[in-house]
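**Q** Sequence:
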Amino acid sequence: MYWLNGNTCQATRHTAPSGPVTVNLRVASRRMEPTALPGATPSCDARPEHRWGHGVFRHLFVPAVLALSAASWAFHEQGARFLKASSIPLDFTSAVLLLSIVLLWCAEQAYPANPDWNYRLLAEGERGWSGWQRLGRDLLYLFVITQVTTLLVFLTSIQVESGLKSRGFGFGISHSLWPDALPFPVRVLLVFLLMELSSYWLHRAAHRFGFLWRFHSTHHAVTELTALKALRTHPLDNVLFYLARYVPLLLLGAGSEEVVTVVYFGAILSLLAHSNIDVAEGVLGLVVNLPHYHSVHHAADLAASQSNFGCHTILWDRLFGTFQRPAEGARPLGMQPVGPRTLWQELIAPLYRAP
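Its first residue numbered 22, the sequence shown is counted upward by one per residue in the numbering used here.
None of these hints come from the bench; they were simulated from the model. Remember, it's a predicted structure, so these values are computed and weren't measured experimentally. Here a beta-carbon is modelled for each residue, glycine too, at the ideal position from N, C-alpha and C. There could be a bad hint or two in this list.
[As the list claims (entries may be wrong)] Simulated restraints on C-beta separations:
| id | residue 1 | residue 2 | range |
| --- | --- | --- | --- |
| 1 | 342 | 205 | 48 to 54 Å |
| 2 | 167 | 131 | 24 to 30 Å |
| 3 | 205 | 308 | 15 to 21 Å |
| 4 | 349 | 98 | 45 to 51 Å |
| 5 | 373 | 305 | 19 to 25 Å |
| 6 | 277 | 84 | 25 to 31 Å |
| 7 | 112 | 186 | 21 to 27 Å |
| 8 | 152 | 369 | 24 to 30 Å |
| 9 | 112 | 180 | 20 to 26 Å |
| 10 | 152 | 342 | 23 to 29 Å |
Sequences are here, hints too, so could you generate the full structure?
**A** Structure (structure tokens):
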């Protein structure tokens, strides 16, 4: 068995008569060389061609995801027409998100940060559940709970937006507070930074105040990260984040096109941040919330989890001093006390008591 965490791959040889032998392998460098106890056999493929391919993947995967996302958004109108003509019962954004989940799942199987987090269907994993049970719970959130969340957010948005519109505020309502004269890409960047700033502070508040933590704790109950875990959230937690992200933009009169563009890329970045993929930091690691950054935030250790609050970018964490790099070796995930949680405990119990 082995796991990848940050830049370290740990391998264990189970045949030694005196007990397991652990070897640390550095994968951030060009060569993967044992640092101790030569002769132990790592589970990860150490062939030169594998090391070369893994290195290329680690450095190019995140830029490739962003490039593909940008390309798909550039042709979203054509894609929407295609889906409508083909009678596929999905809008363009939903179709892209499902394709993103499939792409990230494939990458998780090929180059996982921690192989034990993947859905090994016949093996036990999170809280002793089989892989089928874990996958079933995540798919339930994807196809059912997420729809409930979407409905609640939609109903909330109708009330909020109609109320503000009657007072002269709303998306695309031009007034002096929003810089309409700026180029569209600059306005998109401004919307992104403002949404992330408000999300950052609500996220910190959710970890500090008990009432907010009731709902946010559902997301932190998971002890294994995969792309689908991004959807393991309480519907009311999503409503609160909607209010934090969009009300300031409504008050400023931000354009709806800029907001929709940011929501599209934000959904893909959220899946990426929760994915179980071994990627390199690179230049994008200065801004993008990478998987190994976000795994620190999901640590069972309370002190470690009070860091890396950014949803899609790590920029505000760097600015406000809450950024933390992952430690060497595997780190348990979840929240204390870690134990079995039913759907009732995840979705209903937070309505009347703290976790």
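**Q** With reference to the structure, classify each hint as holding or not holding.
**A** Hint-by-hint comparison with the structure:
| no. | hint | in the structure |
| --- | --- | --- |
| 1 | 342 with 205: 48 to 54 Å | 33 Å, violated |
| 2 | 167 with 131: 24 to 30 Å | 26 Å, holds |
| 3 | 205 with 308: 15 to 21 Å | 20 Å, holds |
| 4 | 349 with 98: 45 to 51 Å | 47 Å, holds |
| 5 | 373 with 305: 19 to 25 Å | 43 Å, violated |
| 6 | 277 with 84: 25 to 31 Å | 29 Å, holds |
| 7 | 112 with 186: 21 to 27 Å | 24 Å, holds |
| 8 | 152 with 369: 24 to 30 Å | 26 Å, holds |
| 9 | 112 with 180: 20 to 26 Å | 23 Å, holds |
| 10 | 152 with 342: 23 to 29 Å | 39 Å, violated |
Of the numbered hints given earlier, the model fails hints 1, 5, 10; all others are met.
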